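Here the protein sequences line up with chains A, B and C, keeping their order. Heads up: the first sequence begins at 1 in this note's numbering, then just goes up one per residue. Heads up: the second sequence begins at 1 in this note's numbering, then just goes up one per residue. Heads up: the third sequence begins at 1 in this note's numbering, then just goes up one per residue.
Be aware that one or more of the hints could be misleading.
[To be verified] One side only, chain A facing chain B, incomplete, derived with CB under 8 Å:
(1) F54
(2) V58
(3) V59
(4) A61
(5) A71
(6) A143
(7) T161
(8) I166
(9) F176
[Said to hold, decoys possible] A short list of chain C residues far from chain B (calculated; beta carbon distances all over 12 Å):
(10) Q5
(11) L12
(12) H38
(13) V57
(14) L98
No lab work stands behind these hints, which were simulated from the structure alone. Since the structure is predicted, the reported quantities are computational estimates derived from the model, not experimental observations. Glycine residues also receive a C-beta, built at the ideal position from the N, C-alpha and C atoms.
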Amino acid sequence: MHWELEITLLIFGVTAAWLSIATRSLLTSAVTLTVFSFLMALSFVTMGAIDVGFTEAVVGAGVTGIFIIIAIFKTARPSPETSGSRFRVAKLAVLFLFGALLIYGSTGLPNRGNANTPLNHDPSAAGTVNAASYYIQNAYEDAATPNMVTVILADYRGYDTLGEEIVILAAGLICFLVLRTTRERRERERRKSDRFNR
Amino acid sequence: MKERDESPIVLIVSRILSPFIMLFGAYVIAHGHYSPGGGFQGGAMLASSVLLIRLTAGSRISELQFKRAWGTPLGIAGVSLFFGVGLVAVLFGGQFLNHEFFHLIPGVTGPMLRSLSILVIEVGVGLAVMGILVSIYDDLLEEDERREDL
Amino acid sequence: MTEIQNLVTIILVTLGTFFMFVGSWGIVRLPDFYSRSHAVSLSDTLGILLILGGLMVYEGFTINSAKIFIALIFMAHASPTGSHAIARAAFRGGLKPLFTRTENREQ
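Produce the complete structure using the sequences and hints provided.
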């Protein structure tokens with residue numbers, strides 16, 4: 001659609017990703033990672049996936065940055081010594097070969113939003129009704145909700161969203177169990193420090 | 001972390017902005033039927049409005065806004081709300097999470113029923129994401145805040 | 001009416017991009033952290049306010065215009081506060097400003 005905007009965003013995104021790898025300071029790489037997330041959010045929006053872009057902007061560029069920075073402050077920082085640079089040429093060669101392979105593979109992909117691809121044919125190659133076109137045609141009649149993405153997430157694919165919620169809850173509970181100190185342990189530590197102070 | 005450095009400008013501006021971010025998060029959750037957005041995004045925005053006060057004002061002031069003990073129960077309540085919507089459909093004789101059978105409100109059937117249950121699900125997702133994100137932040141900063149209190 | 005709207009929009013957005021360009025130029029050209037943060041905070045805030053104002057004029061009296069206005073108020077509060085917090089953290093962290101010219105005068 002706006003190919004100039006997309007290419008500009010991708011150039012900035014690649015620059016931010018390279019900075020976050022190349023810098024020595026962990027804080028700088030955290031900040032450049034949030035910049036990268038925000039650029040990815042913008043490029044999602046240019047692709048028309050506004051819901052995904054919104055999620056990326058709020059979670060990737062907002063909350064994750066805070067968590068990463070807190071984790072950096074809470075943990076010990078490794079001394080900035082130079083990593084072993086053996087096989088440097090081989091690593092670069094593998095990297096470029098992999099990139100060239102990806103670019104070669106991406107030339108076989110259909111254009112975005114092309115209605116004539118096999119993915120969008122109705123009926124599909126297997127002879128069934130295509131899921132995407134079914135959603136597009138029937139989402140409003142089924143659920144009386146104009147935003148199709150919301151219908152897919154909460155109604156047609158309710159199980160997936162439920163599983164996602166359970167994953168988030170599991171992450172929160174694991175943080176709770178691992179990191180939160182119990183009241184008894186806190187009291188014990190306080191008593192121990194009092195003994196030391198006397 | 002480092003010792004807390006309280007700048008009055010940052011404190012006041014974050015106190016002004018936080019309720020509006022929270023309001024916008026609630027708007028994103030409730031307006032997810034008509035515009036981009038939904039439970040996950042709105043919940044993350046609600047969490048970020050709480051985290052803004054946590055970051056700027058410290059734990060003691062932000063306990064007035066959102067208690068430390070509320071995070072995990074709120075997350076569990078959100079997931080239970082999601083489960084409850086599915087189970088209500090089962091109780092009225094349908095399949096799990098089939099919202100056509102969500103006959104709690106008399107006189108509302110068919111697509112409207114599905115729309116309403118989508119709203120309930122979005123609220124559940126929003127509460128879960130908000131509670132879990134805030135509780136992860138609190139768990140990460142547990143020791144330091146205790147040391148600050150002592 | 002539409003022509004006037006378009007004209008005002010073009011003027012405001014051009015001014016805004018000019019100020020943002022000046023801010024970016026300041027990042028590249030200025031010597032130390034505090035002067036860079038000064039350049040970015042002032043001119044970028046003004047630039048983004050002008051751009052959002054131009055977009056408001058372009059939209060006219062619609063709900064989108066009201067949303068842009070809310071974003072404008074948010075930016076007007078958040079951007080200077082962020083710059084203030086960063087500069088204050090740098091000062092508390094012990095970063096010394098460059099004082100080349102004053103040092104010369106004292107000598």
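Checked hints:
no.: 1; hint: F54; verdict: 5 Å, holds
no.: 2; hint: V58; verdict: 4 Å, holds
no.: 3; hint: V59; verdict: 5 Å, holds
no.: 4; hint: A61; verdict: 10 Å, violated
no.: 5; hint: A71; verdict: 7 Å, holds
no.: 6; hint: A143; verdict: 4 Å, holds
no.: 7; hint: T161; verdict: 7 Å, holds
no.: 8; hint: I166; verdict: 7 Å, holds
no.: 9; hint: F176; verdict: 6 Å, holds
no.: 10; hint: Q5; verdict: 25 Å, holds
no.: 11; hint: L12; verdict: 25 Å, holds
no.: 12; hint: H38; verdict: 16 Å, holds
no.: 13; hint: V57; verdict: 23 Å, holds
no.: 14; hint: L98; verdict: 23 Å, holds
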